[in-house]
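Colleague: Residue numbers (my numbering), protein chains in the order written: chain S, 174 to 493; chain W, 62 to 653; chain Y, 10 to 243.
Do not take every clue at face value.
Said to hold, decoys possible - Pair ranges (Cβ atoms, derived): (1) Glu81(Y) - Leu367(S): 12 to 22 Å; (2) Leu362(W) - Leu367(S): 22 to 32 Å; (3) Val472(S) - Phe421(W): 29 to 39 Å; (4) Leu362(W) - Arg366(S): 27 to 37 Å; (5) Glu14(Y) - Arg366(S): 32 to 42 Å; (6) Leu367(S) - Glu70(Y): 24 to 34 Å; (7) Pro462(W) - Pro131(Y): 39 to 49 Å; (8) Val293(W) - Arg481(S): 49 to 59 Å; (9) Pro131(Y) - Thr365(S): 50 to 60 Å; (10) Glu14(Y) - Thr546(W): 26 to 36 Å; (11) Ser431(W) - Arg366(S): 49 to 59 Å; (12) Ala364(W) - Leu185(S): 50 to 60 Å; (13) Met479(S) - Ile235(W): 53 to 63 Å; (14) Val141(W) - Pro462(S): 15 to 25 Å.
In case anyone wonders, no lab produced these hints; they're calculated from the structure. Where a beta carbon is used, it is the ideal one built from N, C-alpha and C, also for glycine.
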Amino acid sequence: MTSFGNFVEIFLQALTAGILLGAIYGLMCVGLGIIFGVMRVINFAQGEFLMLGMYFTFYVVAAFNLLWFLGPAVGPYTGALLAGPALFAAGYALHRFLVSRVTGISVAGTEGEGHYAQLILTLGVSLVLQNGGLILFGSTPVSVRTPLSARAWEIPLLYDANAALFLNKARAVAGILSVMVAVALYWLVNRTRLGKTLRAAADNAAAALYMGIDVDRAYRIAFGIGIGVTAIAGGLVATYNPFQPYIGLDFVIIMYAGVVLGGMGSILGAFWGGMTIGLVQQLSTLVLPTQLQNAAIFVVFLLIVMVRPQGLFGRATERI
Amino acid sequence: MRAQCKLIAPLLAIAIVAMAWIAVGMLVTNSYYQLMLTLVPIWAVMGLSWNLLSGYTGLISFGHAAFFGLGAYTVTIALVGFDVTPWLGIPLGMMVGTVAGIVIGYPTFRLRGHYFALAMMAYPMALLYVFEWLGYQEVPLPMKREAPGFYMQFSDYRVYIALAVGLLVISLLISLAIERSRFGMSLLAIKQNEPAAEAAGIDTLAWKMRAIMLSGALAAAAGGLYAVVLLVVTPESVFGMLTSAQALIVALFGGAGTLWGAPIGAAILIPLSETLQAQLGDVIPGIQGVVFGFAIILVVLLAPEGIFWRVRDRFHRTRAARKVPAMAMAPRVAFGKTAPVPPPPERTPILTVSGLSKSFGGLRAVTDASFEVGEGEILGIIGPNGAGKTTLFNLLNGFLPPDTGKVVFAGRELAGLKPNRICRLGIGRTFQVVRAFPRMSVLHNVVVGAYATTTNDADAFAAAREALAQVGLAGRSEAAAAGLTNKELRLMELGRALAGRPRLLLMDEPLAGLASQEIEALLDVIRSLAKGRITVVIIEHTMRAMMRLAERFIVLDHGRVLAIGVPDAIVSDEGVIEAYLGKKWASIRAHG
Amino acid sequence: MLTVESLTVAYGGLTALCEISLVVRQGQFVSMVGPNGAGKTTLFKAISGTVQASAGRIRFEDTDLLAVARSERAHFGIAHVPEGRQVFGSMTVMENLEMGGYPQTGRRDWKRNLDRIFSLFPVLAERRAQAAGTLSGGEQQMLAIGRGIASSPRLLMLDEPSMGLAPMVADLIFERIGELHRDGLAILLVEQRVAEAVQSCDFGYVLEAGRVVLAGTHRTLLADDRIRSVYLGL
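Produce the complete structure using the sequences and hints provided.
Modeller: Below is the structure:
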C-alpha cells in the first residue's frame, strides 16, 4: 500500500475512533450540561459520578452477576443503562440535602452569592467520593468484560484491497448506545411536559414560580438527571476501558471543555462539544505523544474560555 | 498613631507562636512528629498564599498547585541538573512563581466567577501532564554528603522545623503588612463590590495582578521547601488536585480573609489527616482525601467563613452585649417651611454632555442626550421607570462605553477612560445598593475611597475623617458598619465617595426606602456639599424631596432628554406630565 | 375575592409596604397606581410568594394565602403577569403558553383557552413556533398575558403592562385587558401610567412610599388633583 494510502487508513481509523469516543464524551457532557445549563451549578464531582456509574455496572454485572440471564453480551450494556436511574436517585438526594443548602436557589430570582459555595461544596464531595471509592473498591483497576471488547468489525476500504477500517465492537456498541440515550434525553427535555418545566425553571425561575411550577423540585430533578446520564456514560466506558477510583479526574476536564465549547446552557451544544473533544483527542494521536494529548485538551479548554466563552452554540435565545 | 499601636499585638503573637513552635520542635525526638511539625507550617504558608489571592479578593482559585509544583520543580531541577543549592533554588522558585502569577493572572483575570475557578483548575492539571511527558515521573533529590548544610540537607531534623517556621513568619509578616495597608483594603473592596471599587478609583486589575504575583511567590516557596523536606518530587504530589484542595481548605477552614486563618486550619487539619493516614493508611487508603472532603463540606455548610470568624463573632457579641454603644446624633439644622427655590445663578459648566447614545442590541437605552451641568449646582435626573437614568450614569462614569457622543469634564474628554481614572479626575459616585465591610469600622469603610487621591495612609485617613465630618458621621467613625441604621449606611456610602475629594458627585437613588426624617437629614448633608462647591447630580424618584433639593431637573423618557428646567416649570410641562401620567391624563382632566 | 389586610413587607431594614389593605371583588377591575418605589410590585410578589410578608393577611376566596406554599398559589386561580414581561426567552411561544397552562385548571381548559388567546392576540398564533426572546416588546407582553390566561385564572394580576411599549401598542394591550374584564375576569392592574389605569377601573388605589394614600371609584380619582402631586411632588 502506498504511504498515502497508509496515511488515509490511519486517518480514517483515528476519525472513526474519534466519532465513537466522541459520542460517549458527548453523553457525559450532556449530563454536565443539564446541570450547568439548568441550574448554573458547577459540579466538581461530576467525574466521580462517572466513576460511580462504572463501578455500579461492574458490581451489578461482573462482581454479583445479577444480569446473568441476559447473557455476557447484553448484560453489561443493560447494567450501564441501569446505572442511570440508580445514580439519578443519588444525585437527587445529593441536591436535596447538600447542594440546595448552599445554592440560595430557594430565593427565586436572586443571583445567589452561593456560586462559590457550590463550587467548593462539590469539590469536597468529589474528594470524599474519590477517596471513599478508593477505600471501598480498592485501587486495582477493574473492567467489565464483554465478549465484544476483543472483536471488531472490519469495514473494507474500497480504494485498496488490503486497507480496512477496524471498528472495535464494544466501542461501537457503546457509541451507538450513547447516541440513543442522548436522543432520548433530547426528546425528554424538548417534548415532554417535565422537560419543558425544567427548561422554564432554568430560563426564568421567578416566572416559573408564577406559573405554579415547583422550581426547587425542578432543580433536584434536573440535577438527578444530569448525574444519571453521566453515570450511564460511565457504565458504557466501563465496557471497554479498565478503571480505578481516580478515573474521574481524567474525564473532568474533558467534560468541562466539552460543555464550555458547546456553550453553557445548550444541551445539544454540550453533545457536539463532547464530540469535538473526542475527535480532537483521537486525531491528536496522529501528531502528539500520549501524555501531551491530555495537555492538548487543556490548552483547547483554556483557549475557548479566553477567546469565546460563550462556546459554539451561544446561549439564551436559542432552542436547546 | 493608633494604627501603629495596633501592630504590636499581632507582631507579638507571631513572635510567640514562632518561638513556641520551635521550642516544641527542639524537644520532640520522634521523627514522625518532627515531620508533622515541619509540614504544618509549610501548608500554613500554602494556605496563606491562597488567602492572599482568593481570601482577600474573593476570586476563588482551584489551581494553586501550579505555583507549588513550579516551586518544587525549580528547586529540584536546579539541584539535580545544575547543582544549585536550594538556598538559591527556593528564591529562584519564588521568582518563577511570580512570573507564573503574571502569565496566569493576566489572561485569567478577564474571566468571572466559575470560569475563573475552572481555568485556574486547568493550569496545574496541564502542568502535571507536561511534566510527566518531560520524563519527571519521580525525581529524588540527591544526597550531598560533602557539604550538607550548603545544600540545605541536615541530619538533625529540627533545623527543618526552624526553616519551616522561618518561612511561616515571613509569610505572616507579608500578610500582616498587606492586611494593614491599602493593598489589603483595596483587595477587600474588590471582593465586596468590584464596580464600586473601580468607581472609587481603585485600579482593580493592577491590585489583582500584585496579589497573584505575591501569592505565586509564596506558594512556590512552600513547594520548594516541601521538595527539600520530602526529598522526592512526583508530578502528582505537587501538581495534583489534592494539593490545590489542601491550600483552599486549610485557609477556608481556619478563616478566609484573615491572618491567622490558614495557620489555624493547617494546625488542625494537617496533623489530623497525616495521623489518620499513618494509622489507617494501609487499611483505608485515601483516608486523607475523605477527611479533607468532609472538612470542606462541613465548613461550607456550617461555617462558610471559617472558624476564626465564627469564634471572633461570638466573642464580640458577648462583649458588645454588655456595652451600650454611644450614639452621637448628627446635629440637625432647624428646617422651616419650603423656601421658594431661587433661579440658579449663572454657573460655569463643569460637565458637558453632547449627543450621548448607547444601545444594547435592539434596545436604545440612551439616545442623543445633551446637557450641561453647572459647577456647584444640584441637578436632579428624573423620569419614569426604564427611562435610562442609571445607564446614563454608567456612561458618565466609564462603566459603559458610549456608542456615540462626547462627555467633557472640566475640559477633559472622558471617552474610553476606565472608571478608576475618571474617579481620579474628580468624579465620585454612590450606588443604590450599599455593600459595606460589616466587621470593619465606619472609618475603614470610608478610607478606601481616599486611596485614589492620596499617596500615604496618614493622608488617606485624614481625608476619610474629613469626609465623615462632612456627612455628620464623625461620632460613629469607630463603630462597626454592621450596626448602622439605613440612614447611616447611606451617609457612609456618601462619605466613601467624598473621601476622594470629588468635584462632581453622581448619586444613584440615595433616598430610596428611607423614612421622611431620614430623608431630611440626607437632604441637609447634600445641600451643605453643594455650598462647598461640589456639584451634585442625583437620580431620584422621591419627588417631594427632590422638589426642595434640586435647582434644575433633567427629565428622561425612553432614553431621550424630554425637558430641562427649574422644578416649577418641569412639573407643569405637558410633555413631562404625559411621560409620567400618560397621554390621556391631560386630555381627561381637560374634558372631565 | 382577594382581600389584603394590613399587609406589611419589610426586609433589610426597609419597609416596602406598610399596613396595606385592599379588596378585589368578583369580576371587578381594580387599579393600583403610584410612583416608582411605592411598593406596587412588592405587593404582587407578596401575593405570589416570592417575598415574605412580615405582618398582615392575604385571603383569596376562603383560603389564607400566606399559609399556602408559593409554588401552589398559582393553582388557586391567581395569575401573575410580571413586570417586564419575563417570558421564557429560550422557549417558543407555544411552549410559553403551555407553561402558562401548567396548573390543573389550565390543562382542563387548554383547548378553549388556546382559542381565546389566539383570537385576542392573533400575532401569537402566527409566531407560535418562534423563540419568545426574539419577539418585540409588545408581542412579549401579549405572550405574557396569554400565559396568564392559559391557567384559567379567576384573578389576573398585571404589573405595569405598558412599560417600555410604544403608545399605540400600549393602547392595544389595554383594550384587550378591558375585553378580558368584560368577559368576567377580575383584574388587578398596577400601572405607572395613570390615565389608562384609572379610566378603566371600577376601583382604584394610589400608593406612595408603601402606603395607600388615596382610594376610590374611578370617578372620584379622576376628579382628584392629588394624584398629580403624588407623582410630581407638588
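Colleague: All hints, please: hold or fail.
Modeller: Hint check results:
no. : hint                              : result
1   : Glu81(Y) - Leu367(S): 12 to 22 Å  : holds, 18 Å
2   : Leu362(W) - Leu367(S): 22 to 32 Å : holds, 30 Å
3   : Val472(S) - Phe421(W): 29 to 39 Å : holds, 34 Å
4   : Leu362(W) - Arg366(S): 27 to 37 Å : holds, 34 Å
5   : Glu14(Y) - Arg366(S): 32 to 42 Å  : holds, 37 Å
6   : Leu367(S) - Glu70(Y): 24 to 34 Å  : holds, 30 Å
7   : Pro462(W) - Pro131(Y): 39 to 49 Å : holds, 41 Å
8   : Val293(W) - Arg481(S): 49 to 59 Å : violated, 41 Å
9   : Pro131(Y) - Thr365(S): 50 to 60 Å : violated, 29 Å
10  : Glu14(Y) - Thr546(W): 26 to 36 Å  : holds, 29 Å
11  : Ser431(W) - Arg366(S): 49 to 59 Å : holds, 53 Å
12  : Ala364(W) - Leu185(S): 50 to 60 Å : holds, 57 Å
13  : Met479(S) - Ile235(W): 53 to 63 Å : violated, 30 Å
14  : Val141(W) - Pro462(S): 15 to 25 Å : holds, 23 Å
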